[in-house]
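Chemist: Residue-level listing of the chains:
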Amino acid sequence: MRAESDISPPELDPNRYWPVLRYLDKAGIAIAPIPQDLDDRDLLASLYRAMVLTRTFDQKAVSLQRTGRLGTYASSLGQEAVSVGVGASMHKDDVLLPAFRDHGTMLWRGVTMVEILQYWSGDERGCDFAGPREDFPVAIPVASQAPHAVGVAMAFQLRKEPRVAVCILGDGATSKGDFYEAINACGVWNLPAVFVINNNQWAISEPTRMQTAAPTLAQKAVAAGISGSRVDGNDVIAVHDAVSRAIDEARQGRPQLVEALTYRLGDHTTADDARRYRDDAEVSARWQEEPILRLRNYLVGRGWWTKADEEALIKEIRAQVDAAVEDYLAMPPQEPTAMFDHLYETLPQALSEQRRMVEDGDG
Amino acid sequence: MRAESDISPPELDPNRYWPVLRYLDKAGIAIAPIPQDLDDRDLLASLYRAMVLTRTFDQKAVSLQRTGRLGTYASSLGQEAVSVGVGASMHKDDVLLPAFRDHGTMLWRGVTMVEILQYWSGDERGCDFAGPREDFPVAIPVASQAPHAVGVAMAFQLRKEPRVAVCILGDGATSKGDFYEAINACGVWNLPAVFVINNNQWAISEPTRMQTAAPTLAQKAVAAGISGSRVDGNDVIAVHDAVSRAIDEARQGRPQLVEALTYRLGDHTTADDARRYRDDAEVSARWQEEPILRLRNYLVGRGWWTKADEEALIKEIRAQVDAAVEDYLAMPPQEPTAMFDHLYETLPQALSEQRRMVEDGDG
Amino acid sequence: MAEITLVEAVAMAQARAMQDDPSVLVLGEDVGKDGGVFRATDGLLARFGPERVRDTPLAEGLIAGMSVGLAAQGFRPVAEIQFMGFVYPAVDQIVNHASRLRNRTRGRLSCPMVLRMPTGTGIKAPEHHSESMEAMFAHMPGLRVVIPSSPSKAYGLLLAAIRDPDPVIFLEPTRIYRAVREEVEDDGEAAELDRCFILREGTDITLITWGAMTRETLAAADTLAEDGIHAEVIDVATIKPLDEETILRSVGKTGRCVIVHEAALTGGFGGEIAARLADKGLLSLTAPVRRVAGWDTVMPLPRMEDLYLPSVARILKAARETVNYQ
Amino acid sequence: MAEITLVEAVAMAQARAMQDDPSVLVLGEDVGKDGGVFRATDGLLARFGPERVRDTPLAEGLIAGMSVGLAAQGFRPVAEIQFMGFVYPAVDQIVNHASRLRNRTRGRLSCPMVLRMPTGTGIKAPEHHSESMEAMFAHMPGLRVVIPSSPSKAYGLLLAAIRDPDPVIFLEPTRIYRAVREEVEDDGEAAELDRCFILREGTDITLITWGAMTRETLAAADTLAEDGIHAEVIDVATIKPLDEETILRSVGKTGRCVIVHEAALTGGFGGEIAARLADKGLLSLTAPVRRVAGWDTVMPLPRMEDLYLPSVARILKAARETVNYQ
Ligand SMILES: Cc1ncc(C[n+]2csc(CCOP(=O)(O)OP(=O)(O)O)c2C)c(N)n1
Ligand SMILES: Cc1ncc(C[n+]2csc(CCOP(=O)(O)OP(=O)(O)O)c2C)c(N)n1
Ligand SMILES: [Mg+2]
Ligand SMILES: [Mg+2]
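Those protein sequences? They're chains A, B, C and D, same order as listed.
For what it's worth, our numbering labels the leading residue of the first sequence as 411, then goes sequentially.
For what it's worth, our numbering labels the leading residue of the second sequence as 411, then goes sequentially.
For what it's worth, our numbering labels the leading residue of the third sequence as 7, then goes sequentially.
For what it's worth, our numbering labels the leading residue of the fourth sequence as 7, then goes sequentially.
Any given hint could turn out to be false.
[Unchecked claim] Cut-off 25 Å, straight-line C-alpha distance, at most; resulting in silico cross-link-like pairs (SDA-like, lysine to any residue):
#1 C:Lys130 - A:Ser473
#2 D:Lys130 - B:Trp599
#3 A:Lys470 - A:Pro743
[Claimed, not checked] Listed next, the stretches of chain D that the computed footprint assigns to chain A, with coverage defined by at least 3 CB atoms under 8 Å from CB atoms of chain A:
#4 107-117
#5 138-147
#6 290-304
[As the list claims (entries may be wrong)] Examples of chain A residues toward chain B, derived with CB under 10 Å:
#7 Gln567
#8 Glu571
#9 Pro572
#10 Lys630
#11 Ala631
#12 Gly635
#13 Tyr687
#14 Ala760
#15 Ser762
These are computed hints drawn from the structure, not numbers from a lab.
We put the CB at the ideal spot given by N, CA and C, even for glycine.
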């Protein structure tokens, strides 16, 4: 019995507050009117192209790993719409704080395939992006990039720049304290930050229900007093729309959390064997929802994409990826002393002896 | 525009989902029918007694500190209803995981005043409770006790014991990642745990709005997919009711978050001077809402409490507190070697030399 | 009796402990169906069920903190941290609670938990998968820090760690998870904690190391033997509390010492050992105490990992210079 | 020029840095209106406003992590951790990000942040308010770890730390926050990082210490002088990177050395210094290198704090034994 209302409070219905935004169904049929600015042949073709590039690149990276020419690699197979959709929604001078599986976003932002391969081959130079100089490198410790987004967004706010910090995290990352600390802080200071949860349903072998009892991850925004929303992460149009709007909101000082629902079609990384813990049947079913065919179907239905377009694209992308791989394989290794030369701006005296030992091959 | 609903989602109204439970208004007038089992003279008198004891004890502790006979101390002035209400709601074999300001709960559970004084005088023996042997000692690092509650609750669940872990945290603690990690985990495993947020509006010099943009702290439960509720933390009847019901729910495997709204009438600790950062006027206004007078007014209105009762109580409690202080001051100090003797179950050989040095006064 | 790897020995010890003692629980990320990313908990879920083998949310602070709660309640949690580079969020719970609960409550509550994790290089993975931070834990009063160097030691020491009434940080060298096989009997026999093991006896120099570096160190000792130099090789095994006696006795005999570890030189645990020698062993020292360690840099990404790691060549060079020192 | 305390010097250095450089920000718990629980940020809010002096939510991981973000964007955050016992939740951000960002990106991004915090005993407060964990940070590549021992050093070293292009852990000894006053000119002159300071010259023994223990050590040196023993006293000041030269030079001269620190002995930074001596200074050593340090126990609650802390008497005893050693 409550003083101010005699009735016990109602159950909170997630679908009421966090409905899933979706324009295309599995088959690529529009089930809701697509906003005009998004329903544009050139835009959609560019998103399509970026998704195909991401997948082709991923496949190549996996095969490089299998043949001993790359280290452990985390493919984004099936999640291309989230990755590309986020990239396409950002302004050039926004700053990305990625997890380790956001190749599509990084590529869209101008990180090169060579750089990504270098990084996953175990070469730090891959994080010295020639393109988006202010973007953060991959964060390996899950969710640890979220507090950085707070600082980056605060920098924008302090300088009164209309820029947004965009942080991508996995579903597993929503179990980590730093994620909550970060979204909570963004709420306190009305920071221009967007947190996109790539909910691919799995964190290595753990399905999302082992991470949380919350039926949606979007609702975690409530804890921070910020806005949350959900989007079909296999519908790149919806992702683009939802994340663009979230970024617009954030730019006005209203931080946002967006949950993008997708599925990890591949293994966790090349070091993982997902058949140990999940059924092939589940994976096959999810292949029916994958984002690339879905958009192609829509494009074809619209008369915006032909067989010839497809063939030309595949050819072009293959050539592009192959060229990048060639460049990657041709990169000379770093000097051994490189491990000293970027640790501090100026090498402290105390390290000079060690550096010299390495230089002398005494290592 | 959303596929599944053309309307943008409604604003979440906290008052709809987390109304504040309150039976007594500031003046101690019942504004809602009090549940029968709570509206009981003996019960209410015992709660009243415990609150007066807590306040008297607090005052004594502060004066011991001021006169150099106690270390830094954190008074719970004004928050007695939360502290006592939580204690009274627990079963004896439930386990308490307190913060550092929950003297009322600890006293109710059987921790002695001497033990509390010993602890705050800087003597570890104060945590070797003779009474509630399984209760946790005070946690100084804010929110760090929350994950312990997960483990304790899991122990109960594993042993199929109908017991509950009750964790008390401050409003400031809700900014810490460990708090979220803990409530989230309790949701995943349906653990018998209750988290009570003592929202006294301040974390040292920071008001709650510097901690979070969430208009209520109860709503942080949404992030974990567990139930949250709010209660007037200066109405001990409401606290007892809300926390008892939360504990009952938790005992059935439904973890709960309860936000108790109260006010820190005193300084943060004896080392703090709250006038540096908050207005006396704010504090004076809040004195109008304090819990002890409120309950007394109700009791008196009910004809359950007389001037004589009051005088007898004050006298009894003063004597009890004074006796405890005497015992405390008479406690002999620990042996210097005590700092080695409880570090491990058996002193490792490696430490024997150091221990001997201390024993020899070589320290 | 089968020949098993170190990681299999870790799984075997956990199974044994769970079978012997119903209060033993296993928890961590992916420890269930997946059997741990290294398979160190392989088979445990099938055998002991999801109550005792529990996949946790992805939160290392939670894993350590709930283990404290379970341990205080009389369980013996054996928690896995997936890689040592991810243990940092758990540091607060380890140093502020696990290691202190007994002392803080004057023995009323205690914390018999084990926090297991892979340590060091070994899998050429991205950053944070190759940390060697044993020195950090060795500085925290109230802990034990144990590092096995072989399958049989892993089995025996892990059993001992699980049975120990106090918290143990158990560091499993990734590089030798599968590098060697050894016959290990599942006899439930714990090895002794708090003592160093002499892996090889010698008279000319003492080589002190632990974990995976025992391999390179033993290899160096082999090469030295070819030159007629007899190196004694000590596997510290329990870094904390330190068995100073064995070390002092050995250096008392050889007069010369090289300490080898993968962790960065400065602040590494080799410094502590050298300091003990500089104090209590000074008289016996006939040559400077050298340390062959990781550089004081961030562990590089895999391509340069080998340049970071102390090599047999570096150990040999230091050992020869030490032996030849007059 | 006023005589000020160490904590006032800390506030003065921050004010100076903020005035000179608009990219300097101050953040932390209670650093605003309250001026920090020790008043180390007193007056800054009034002078520089809430944008540049920011009370944060109660979350040390956030404080360190957002500082990394700010620093990567070209700001120079000076963040306060309220007590060293509460820094542990920030360790992940310090060791996995702050110290690595420059190296990880091959210099593209950098992290010019300062994480300030009180260290050691001094206020007789409950647990966790008296930690001395400098050795933990000193083991992390990519950091600087700086500990001032006087008001003027605090002013100069903090200015240097703030201006340094890389992350600095700045540890302020609580025990001497207000113990002494010194004339400190607000001249914007930074002190030199990465070097030890010789506080007192001597020829018979080198006493090495840092932070608050400089007081007891100097007091011991005074007493020794009465006996005709001339102790050289070194204040390490920057623990990392370590100025080995000054130490080796001094011990090269005196041949004898005692190291003094408040932190627990095992794994403490004294071990690193002793290890350097056991290697590069062995020839000059004419007596064992003693360490006078905290015990390998949890820092006791205030009542027994003094029994934990190295006393002048303990330092004297070790120094005398060292000097008399033959
Ligand atoms: C703090 C931390 N703990 C553990 C790991 C090991 N690990 C790498 S990825 C991963 C799962 C991440 O799941 P999620 O956040 O859903 O991202 P996804 O892999 O699905 O993209 C784990 C446990 C890590 N990288 N960081
Ligand atoms: C992790 C951590 N950081 C900082 C502190 C210092 N500190 C002690 S109490 C306190 C404020 C706590 O506020 P709240 O949680 O609201 O509890 P209250 O003091 O109001 O009871 C702070 C910052 C601490 N104890 N632990
Ligand atoms: Mg995932
Ligand atoms: Mg509070």
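Chemist: Compare the structure with each hint and give your call.
Modeler: Hints and how they fare:
no. : hint                : in the structure
1   : C:Lys130 - A:Ser473 : holds (17 Å)
2   : D:Lys130 - B:Trp599 : violated (41 Å)
3   : A:Lys470 - A:Pro743 : holds (21 Å)
4   : 107-117             : holds (count 9)
5   : 138-147             : violated (count 1)
6   : 290-304             : violated (count 0)
7   : Gln567              : violated (15 Å)
8   : Glu571              : violated (22 Å)
9   : Pro572              : violated (21 Å)
10  : Lys630              : holds (4 Å)
11  : Ala631              : holds (8 Å)
12  : Gly635              : holds (3 Å)
13  : Tyr687              : violated (17 Å)
14  : Ala760              : violated (31 Å)
15  : Ser762              : violated (36 Å)
Comparing the model with each numbered hint stated earlier shows that hints 2, 5, 6, 7, 8, 9, 13, 14 and 15 do not hold.
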